[in-house]
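Q: All chains, full assembly: derive it from the sequences and hints.
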Amino acid sequence: MALTYDPARADLSAFLRRRDDGRESLDLLVPDARCAGCLSKIERTVLALPGVAAARLNLTQKRLTVEFGMGMGDAGAVVTALRRLGYPASPYDPGRAQVAYDREGRQLVLALAVAGFGVMNTMMFSVPLWAGLFGQELGPATRTLMMWFSGLVGAPCALYAGQPFFRSAWRSLKARRANMDVPISIGVILTLAISFSETLLGGRDAYFDAAVSLLFLLLVGRWLEHRLRARASSAAADLLALQAPTATVFGPDDALVARPLAEVRPGDRLLVRPGERVPVDSRILSGRSELDNSLLTGETAPAPVAIGDECRAGALNLSGALRLVANARSEESAVAAIARLVEAGAQSKSRYVRLADKAAAIYVPVVHTVALLTFAGGWALGLGPREALIRAVAVLIVTCPCALGLAVPAVQITASARLFRRGVLVKSGAALERLAEVDHVVFDKTGILTEGRPSLLDPMPRTLAMAAPLARASRHPLARALAEAAGAGPLALEVTERAGQGVEGTIDGRRARLGRAGFLGLAGAGCETELWFGFDGDTRIRFRFADRLRPDAHETLAALAARGLSVEILSGDVAAAVERVADTLQVATWRGGCTPQDKAARIDALTREGRKVLMVGDGLNDAAALARAHAAMAPGSALEASQNAADLVFSGERLGAVTAAFDVARSAHRRALENFGFAALYNSLAAPAAVLGLVNPFVAALAMSSSSLLVTLNALRTGARR
Amino acid sequence: MNIVMFLAPLSLGLGLLAVGAFWWSLRAGQYEDPAGDAARILVDDPEDRPAD
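Each protein sequence line maps, in turn, to chains A and D.
If you count the first sequence from 1, you need to add 3 to reach my numbering.
If you count the second sequence from 1, you need to add 5 to reach my numbering.
Hints were generated in silico from the structure; no laboratory data involved.
Careful, some of the hints might be misleading.
Chain A regions said to be covered by chain D (calculated; three or more residues, Cβ under 8 angstroms) [as the list claims (entries may be wrong)]:
| # | stretch |
| --- | --- |
| 1 | 57–68 |
| 2 | 287–295 |
| 3 | 464–477 |
What follows is a list of derived Cβ distance ranges for each label pair [stated by the list, open to error]:
| # | chain 1 | residue 1 | chain 2 | residue 2 | range |
| --- | --- | --- | --- | --- | --- |
| 4 | D | Pro39 | A | Leu705 | 31 to 39 angstroms |
| 5 | D | Pro39 | A | Pro159 | 48 to 56 angstroms |
| 6 | A | Gly655 | D | Leu15 | 53 to 61 angstroms |
| 7 | A | Asp312 | D | Tyr36 | 29 to 37 angstroms |
| 8 | A | Ala233 | D | Leu19 | 28 to 36 angstroms |
| 9 | A | Lys361 | D | Phe11 | 46 to 54 angstroms |
The beta carbon of each residue, even a glycine, is placed where N, CA and C say it ideally should be.
A: And the structure:
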């Protein structure tokens, strides 16, 4: 439920970016651009607009960059033209964080390129050396020459490509901690040093190629991980950009100006039209309307409001235009209390130890002890310090941590790519790992199990056609649901909308009214989820509405049960409404009337019982629970805070995304464990061989690359079935 | 063996050329929009069309 723009009325100039040469440019998000046809249509239309100097659409990121001529920037015209073309567009602020992130990615790719070059060219000199190891003709002078060549190529490449690891190792050492990059850095530097000293002393074993290829393989893993995070953060930014970036503010001369949410200050006068969300906590100056608080509290019944009433940020304005005065800034709005709960939950989540780190905690001390023992033991048993040191280095090289550094990122990027194609966005690799462990699922009701908007119950075509012309003229959600059920058709004339009451207009020359029971002169308060329609002095017809279940809610709950998961419903809506849904879906455990704190407390209680909870919710009232749960999913229609608190965001109407995500996460977990098992087996064979001095540079290169290839191929099998 | 002293630097030079070319393509933003580049080849330039 994105904020709807009316570009004809709002001024979007806040989003124009002034470049150094004084020209202005605008970034727009065009989510519906898909093909070559869209691309040329959009670019040509925008280029043809007056004042536009250049327009380029990035189809991968669905972003349109428009550059204007000197002082000609008219953002509204571009958005209007795109809308007329059938592509809704929203202004988008690329932000500085994104740019820094891209730079990091670029550095990784460059390090990868240098490492690739180093591997190939060092190998060129290593092949004659390897041949010499197997008794082929290779004089000592040529051998030393080849070792010098491979050292002169390999060492600079390794030192350049290793920088990401060296830097991270240095940072963690300064913080008096040892992460995975410390042993990697020690291994690489030690290997280079030993290889150089062997070259100088005229020895046989130079591991320059092994040092570079180790870095190459690890950089592939690092880069995959970066891609995963970059894609998640850019897609999340897209979703947020679509949501509520602006508030409509009255300027000094009462002109309407669209202002970024962060720049709204207390005392600003705001306009909130029907269909828009209240941007910050505020008080009503004029106007009457009804507010839908369902994203805030889970309550589906609209709350009538009038002059002087307080509105909370995130509430949806249903019927009348409201003039408000802001009480708080965006970051201080009622949302803030919930944000604190979310933060507390996020902290508990960051304590989660990732699978690869768990394995590294065992792997690193074992390998280093073995290497140290090899050196000490070899020397004590009369090998000589030089030979003993070479064996110790061989142990470090041959037990390369590729299974940890490459296999897990490879599994997770494969899994998230598969989920992305099904419309599920994975925010981090850790999220997938947590999701795989889940054994209990808690659903929110409004907007998750149900569609979160009213739809007409048992429609009768004849009465529907009578009321539809009036319904089409109104923006009230119930009237919209009626119009949607009726389809396209004629519009009523001389329509006036009475906020909080209904609409009146002329159909075929007869006056007619559509609205609350009281508006049509009927006694009784009437129900919030019904509309009455009648011609003047004629019989009244009642339309009833309900929040319909998502089409695949039944299916999804059955599928979750089949996977051995228990299901529960926690909702802020009134108990009767929750019970109805729970009965239909045959869910035994449910609770209604929950406050955000209740939901978070219930999640905590379940966690204390030892359950691993997946929370699926969309409202602000779910945000704290989402942050506290072991894993969390939110739909793309959820509020910003909820999407930030969730690990996975799914788009579209189908709840089946939950099962799909769960299946892929479990498959990824299995693959990762398989890879660890394989790595353990490989190391238990390779390490003793290195200790016994059976490993030479050729065997090391072969073993390292083949084991990495195997774990990567296994990773690609993730979620491949279906 | 003298030929090695000539061929080895030559091959290294070619390899460095490839890294340089990759670095240039990365800097020039050739990997920014793979989907768009694939689509753009299908779009007819209006100037290329014969006048009718």
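Q: Confirm or reject each hint.
A: Consistency of the hints with the structure:
no. : hint                                    : result
1   : 57–68                                   : holds (count 5)
2   : 287–295                                 : violated (count 0)
3   : 464–477                                 : violated (count 0)
4   : D:Pro39 to A:Leu705: 31 to 39 angstroms : holds, 34 angstroms
5   : D:Pro39 to A:Pro159: 48 to 56 angstroms : violated, 31 angstroms
6   : A:Gly655 to D:Leu15: 53 to 61 angstroms : holds, 56 angstroms
7   : A:Asp312 to D:Tyr36: 29 to 37 angstroms : violated, 53 angstroms
8   : A:Ala233 to D:Leu19: 28 to 36 angstroms : holds, 32 angstroms
9   : A:Lys361 to D:Phe11: 46 to 54 angstroms : holds, 53 angstroms
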